[in-house]
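**Q** Okay, here's what each chain looks like letter by letter:
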Amino acid sequence: MSDALLPLSVFVPLLAGVCVFLSGGGARSPVALSGVLLSLAISLLLVMAVGSQGTLDHALAGWEPPLGIRLHADGLAALMILLTAVVGALVSLHAVGQFAGKSEIANRFWTLWLLLWGSLNALFLSADLFNVYVTLELVTLAAIPLVLLAGSRQSVSASLNYLLLALFGSLLYLGGVALIYGMTGTLDLQLIGERLPAGGWPVGVATALIVAGLLVKAAIVPFHFWLPPAHGGAPAPVSALLSALVVKAAVYLLLRLWAGPLQLPLSAPWVAQLLGALGAAAIILGSIQAMRQPRLKLVVAYSTVAQLGYILLFFPLAVASAWQGAVYHGLAHGVAKAALFLAAGNMLYHLGHDRVAELRGMGRPLALSLGAFAIASVSIMGLPPSGGFIAKWLLLQSALEQGLWWIVATVLVGGLLAAGYVFRVMRYAFMEAHAGPSVDRAPTPAQPLMVWSALTLAVLSIVLGFTARPLLTLLGEIPLGGG
Amino acid sequence: MTLPGVALLLTGLLFYLAGTVGLLRFPDVYSRLHAITKADNVGLGLLCLGIALLSSSWGIAALLALVWLLAIGAATVGCHLIARHSLLERQRGRRE
Amino acid sequence: MIVVDTLAALILVVLAWRCLLLTDLFRSIVLFIVFGLLMALAWARLDAPDLALAEAAIGAGLLGVLLLGTWRAMGSPDGDHRQPGRALQVIAAGGGMVLAVLVGIALHQLPVSEQAAGALALERLDEAATQQPVTAVLLNFRSYDTLLEMGVLLMALLGTWLARVPLMESLSGDDASRGTELLPVALRVFVPVMLLVGAYLIWAGTHSPGGAFQGGAVLAAAGVLLALAGRLRGDTGDSLPLRMLLVLGLTVFSLAGLLLIPLQGAFMAYPPTLIYPVMLIVEYSLAVSIAITLVLLYTGSRGLRRGPA
Amino acid sequence: MMAGLDVYALAAAALIGLGFFGLIVQMHPLKRLLAVNVLGNGVFLALIVIARRLPGGPDPVPHAMVLTGIVIAVSATAFGLALVRRQARDEEGDDE
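Residue numbers (the working numbering), protein chains in the order written: chain A, 1 to 483; chain B, 1 to 96; chain C, 1 to 309; chain D, 1 to 96.
Some hints here could point you the wrong way.
Said to hold, decoys possible - Incomplete in silico selection of chain C near chain A, CB under 10 Å:
no.	residue
1	Arg164
2	Leu246
3	Leu255
To be verified - Where chain D lies over chain C, by a calculated footprint (3+ residues, C-beta under 8 Å):
no.	region
4	122-134
5	219-230
Claimed, not checked - Sample of chain C residues with no beta-carbon within 10 Å of chain D, all distances over it, derived:
no.	residue
6	Arg142
7	Leu187
8	Pro192
9	His207
10	Thr236
11	Leu240
12	Leu259
13	Pro262
14	Ala269
15	Ile281
Everything labelled a hint here was simulated from the structure, so no lab data went into it.
This structure is a prediction, so every number in the text was calculated from the model and none was measured.
Heads up, the beta-carbon is just placed ideally off N, CA and C, and yes, glycines get one too.
Can you build the whole structure from these sequences, using the hints too?
**A** Structure follows, in structure tokens:
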């Protein structure tokens, strides 16, 4: 019966979201908080079940594929569910503080966030190409209203651009799915792997459409322009959720498809090189942009554009250690980025602005949040002993083994550039000033929950440097040869 | 039943054609409305009658009659509202 | 009949072309509505009556009214004369052509699969307690997709609420709909007929083209008609009963699935004796939620109240 | 059969290309929403063209996929239109 955990981990958060919607409660709503706790519990149970039993499958409605839809939990899915649960729970704590006293916005936040949680779990567990399309739309349509919660003019145009791009991306994806269904007569990931012709125009076009659609959704250069305004303009807990989890969903699917039905077309040398090159471009361009941003949250948002690139470096490498490195990078970045956004949000909350150049003298009033920012930055820069270091080390190792020097160079330069944009912030923040940081209004100190959740996430990003062994064991072997 | 059915269909299409030409060529809202509602209602009626003959089933004929009645009703109300709106606009224009 | 198909396909493309290239916004919208209607015709020609129904009711009908309403709410702008840069135009034209050619070649050369899921679905219709293949796929074989789709509807509505620009709250009834004798009579005839057709379509989904989406869309169309005539007004607050109706489909569908897990061992699997009643209940609750969501997506308001008769 | 099928396949490909073109060259958000919808209809048409090739009747699976897709597209578009209205209202506030 443990396979019933799969649908439960989708529907516990979803129905909790529905309950919050019905209850209309505010920031400290017991319904919302128990929903978060239940969702966390069911996710952890699922991860433990995968840890002890290996992969889990659940044929929905009792119909085996190709007729029905299959849910599938393997190490990769379990790690993403774990990331969602841990980051989500801590961000929820932050949200309790952030939205205190704002009953209506808080209710919308909890409703949408719990629905998003269920949608993300649905996406990670789906083993059906069309169902993935539905879950992608679910994730997008939960994420965009969350951006809108900020209520500002910028957030409206950011939401609109986000929506247009996201719709465009998922329709390209759906076009590819249509062709694949035409060729194989099935939507099940495993069956597609068995039936897909080895080559030919239709396979090529289908792969191109699917990959292009997912790249648009993942905000990979050159489709990245919608991400910074959307992520930078949203309330801090939302930015954290979007940057840590939502953009990962599309990249996750690229890895999932490589590991499953599309391994052959995605391993074609020029496709792999192209994806790797896009990743490298994202790392360099995103980091340079991050260095030039006047506002702290935009620095962090462009850093997301850059950090997503590392996962794409997997494709030209395509060996076991690169697989582990790419997935671990997803985890490490998720935790660290959530910490960065929450810490940046605390500063914004305190000062009423987040203009980098005016942060001087902030060390004292915001010591803990700044500390969280600094600690999480260690992981973003890829310095030991952090999760980011493990991930980059694994990527570097496999690049060195294969003599792919341009990847080695990209990873090293990316680390230096990350140090550049992080230290730029630090320099201003730790600079002594006579009068403390400039403020736009009377300072409102962040609540303890907001500070400690950011700090906990930051510490976790370092802890990830020591937990590589159990987590990579959970991930399991690199899936080669389909299936 | 085929020949009269097809003949009715063709005549119906002629009415549609006339209505469309009227819509495009007539000078103002009222005469355009006149052309399109009158001609198209008759055209639709003839089409329905033609299809009913071709299908030679009473059930389908009854359904088609219902379709025609509802379409006429909708066209009447729509035409009335458009004409009224246009008249009110014109009166307002004159007053200003 | 090849002539009809060729003509339909050609007009579709020309309409889309004109719709996307005109600078006049109003004309673009009207062309888009016509495009939707022609799409419905194409669906009918392609043996997809379910889609023809859905497209006509939701795609062309509801979306059309919403587009026109939005155009008016924006102050009836005549269009947009900003021109993108020459380089962007070249990229767009080149990219569009490459995309079209690639998809065209792929569709043309697509090998036919021997063992399609659809063939299996057609074979095993009896086990799904329905004679209508599309309903069987939507509500049984792939019911999970349909369930998640209800989440999409709910979140689109939440997003619309957060945008805070209702279409119908501020709109005072149109001049032309006031003080005319004909409109109340028409409403008295049309609204009951539409409700009847909607309810029939939902039920019909079990054996012929129709189902929760088509029926729900027709019910929503009746609601939109009432809203247009001023009988139904947007309201500024949402009430608990309304919220319950909005999530009725999602809740009933997922609870039916979850509660029967111990019995059948799989999510959303129903015992053979219960399939038909469960499916009927699910269809009607889905349709109610769909109808109300669509009406609210149209009005953009938080709630609904009766307008002056 | 084959010829009819090809016509709609061509139309599907053309609509996808046109939608892409429109999405990029149009500046007005409402027009870009229309472009995305045209693209979507192209994809849906491709699915139905594929569904027709199943011997023994149209394949219900792509039909169900398109029905789901239409509802998703319409609800996302409705949300998009609300955002367009909001943007227009914000800009109006600037002018005054």
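**Q** If a hint holds in the structure, say so; if it does not, say that too.
**A** Quick rundown of the hints versus the structure:
Satisfaction of the interface hint for C/Arg164 is found here, the shortest Cβ-Cβ separation to chain A being roughly 8 Å, below the 10 Å cut-off. Nearest Cβ of chain A to the Cβ of C/Leu246: about 8 Å, under the 10 Å cut. The hint holds. For C/Leu255, the suggested interface contact is upheld, since its CB lies about 8 Å from the closest CB of chain A, less than 10 Å. As drawn, the region 122-134 of chain C meets chain D at 3 residues by the rule of a beta-carbon pair under 8 Å; at three or more, the given contact holds.
Interface restraint, the region 219-230 of chain C with chain D: violated (0 residues with C-beta to C-beta distance below 8 Å; minimum three). Some Cβ of chain D comes within 10 Å of the Cβ of C/Arg142; the nearest lies about 6 Å off, and the non-interface call is violated. Against the 10 Å criterion, C/Leu187 stays outside the reach of chain D, whose nearest CB is about 24 Å from its own CB. Chain D leaves C/Pro192 outside its interface by the beta-carbon criterion, the shortest separation being 25 Å against a cut-off of 10 Å.
Listed as outside the interface, C/His207 is consistent with that label: its C-beta sits roughly 14 Å from the nearest C-beta of chain D, beyond the 10 Å cut-off. Separation of C/Thr236 from chain D is adequate, the least Cβ-Cβ distance of about 16 Å exceeding the 10 Å criterion. The beta carbon of C/Leu240 is kept farther than 10 Å from every beta carbon of chain D, the shortest such distance being approximately 23 Å. Distance check on C/Leu259: its Cβ is at least 24 Å (rounded) from any Cβ of chain D, clearing the 10 Å threshold; non-interface status holds.
With a cut of 10 Å on Cβ distances, C/Pro262 stays outside the contact zone with chain D, its closest approach being about 28 Å. Under the 10 Å C-beta cut-off, the non-interface status given to C/Ala269 relative to chain D holds; the minimum distance is some 18 Å. Every CB of chain D is more than 10 Å from the CB of C/Ile281 (nearest about 20 Å), matching its label as outside the interface.
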